[in-house]
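J.: Both chains come to you apart, so use the hints to assemble them.
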Amino acid sequence: MFDIIVISHGSFSCSLLETAELIAGKQSNVKTLGVDLGCNLDEVKNELIAYLTESKNNNRDVLVLSDLFFGSPFTLVCSLMEDFEFKHYSGINLPTFLEILTQRHCLSLDEILENLLIIAQSSIIDVNSYFCEEGV
Amino acid sequence: MKNISLVRIDDRLIHGQVITAWVKVFPVTKILIIDNELAGNRLMSRIYRAAAPIGIEVLIKNEEDSINFIKEPPLKNEEIMILVKTPQVIERLTQNEIPISKIVLGGMGARDDRKRFNRNISVNQEEEDCLKRMLNNNISIVYQLVPLETPMDLNNIIK
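These protein sequence lines map, in sequence, to chains A and B.
Sequential numbering of the first sequence, starting at 1, is according to the numbering used here.
Sequential numbering of the second sequence, starting at 1001, is according to the numbering used here.
Chain B with its partners taken away, still in its complex shape (with noise of 0.2 Å):
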């Protein structure tokens, strides 16, 4: 199994100065971004590498590939950041023996089908329920946009 240092939510995936900033706390050798769309997509792959942050490799693969891809043995000193747009991503994940403790959610934007939480992340009810599950399962979700942030407890948001 690989080393996964962080498994973040945030539907902007690599954007400017905030995941650079995470890098510097958890410093990793490679992002690994969860997405069956944008892994069919090749501008946005091509955009979302280049938007790397310098000596970390970004690799973007569909759900099934990236369950492979985690299983497999770790190479040396390689340290990966999961990032996805959506809970579900990451629930499916754990229901493919992959073990995962703790999520930190960064943005869910709004739209049509979601309610707000607070100013950075809102949830429609599947995604809501998704992410009760996981609490249930005593897997940790803290809210926390960048690492200098206090980080808040999803039980604390989700009333």
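So here's chain A without its partners, still in its complex pose (with noise of 0.2 Å):
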């Protein structure tokens, strides 16, 4: 299994893994970091990086997601892309991150990669046009 980290602005990435777990149970090898208004960036970015760190020295394999694209936990990010290998979405939604979670028990980082970008897409629902559509 590998690893995930989440990494938001405000308590976003807290909320998501403690909603999250709610619906799928408790996690394990999942961090969250949140950047607040005016915190210190360099102490996050350390704090990913002693994450980074820490999976790469067990051999895992680590997928980080980010909340907002080119938000500043966004940036952070990318700023280590070059240093630490690791696979980074942006655009962390509440059911995406729910089927990373049931997923990764039984695939493999790459293959839950494979179809991520659909699942991310299809999460947002015109639930309107779906009931008129399904003729409710």
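Because the hints were derived from the structure by calculation, they are not lab data.
Don't take every hint at face value.
Lysine-lysine pairs mimicking DSS-like chemistry, simulated, CA-CA at most 27 Å apart [said to hold, decoys possible]:
| hint | chain 1 | residue 1 | chain 2 | residue 2 |
| --- | --- | --- | --- | --- |
| 1 | B | K1115 | A | K45 |
| 2 | B | K1076 | B | K1102 |
| 3 | B | K1115 | B | K1102 |
| 4 | B | K1061 | A | K45 |
| 5 | B | K1002 | B | K1030 |
| 6 | B | K1132 | B | K1061 |
| 7 | B | K1071 | B | K1030 |
| 8 | A | K45 | B | K1085 |
| 9 | B | K1061 | B | K1071 |
T.: Here it is in structure tokens:
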């Protein structure tokens, strides 16, 4: 099983994991990091480096999930993409995150990533149209 | 001299929705990031250039090149936003005959050597002294994270 690091603005990453655990149960090897207004970005970066180093030492693949394309957590992750080997996907949401968590016990990181974008893109749904088409 | 619409201090430089909000209010054609370290970092330069709002060119230059660039005659319709991480960079512009009348302070993150002014602004002694010198030179400095927020005069924050 591969490692996951979720990094976001504020407490979103932490709440995302907490909420996902309500649905998918307690998770292991998932780390969360939050960037707050006016916080010390170097500290967050050092924590991220520590997590990436730990995974590397354990020979485990890493999936880093950031919340917002070109937000500062995203930029922080990008600044380490030359120094560490990991996969980075941006724009994480609850449905996509749950999909990853529930599949990672049986699939490798590469196998999950094959379909991740399709899953993510179909994770927001126009419910009115859906009901209309279903004749509800 | 180039037309400078906005001078902003924000150590996260271009980040997400914040810069998009500013260019709506100040419709610039170019964002000039002045940062000696970033100018020499190819990966991060690429990321910040890609982060630019649509239709806006991002220039990343060291201080010397920036001073020369700003002193060039403006192109037609060219409006520039200057973005830096620390106040000293702007002071050096003023010391090189580039007139600056107003600075918007957006964000300076916490660090071990810095003390907190407010939630989003922390400064060390050198940075505080620099800001005070610029205030004394009649440069208006306001704290404002996003355009919709009421600007706060730095005189009321630095006591």
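J.: Hints the structure violates: just list their numbers, smallest first.
T.: none
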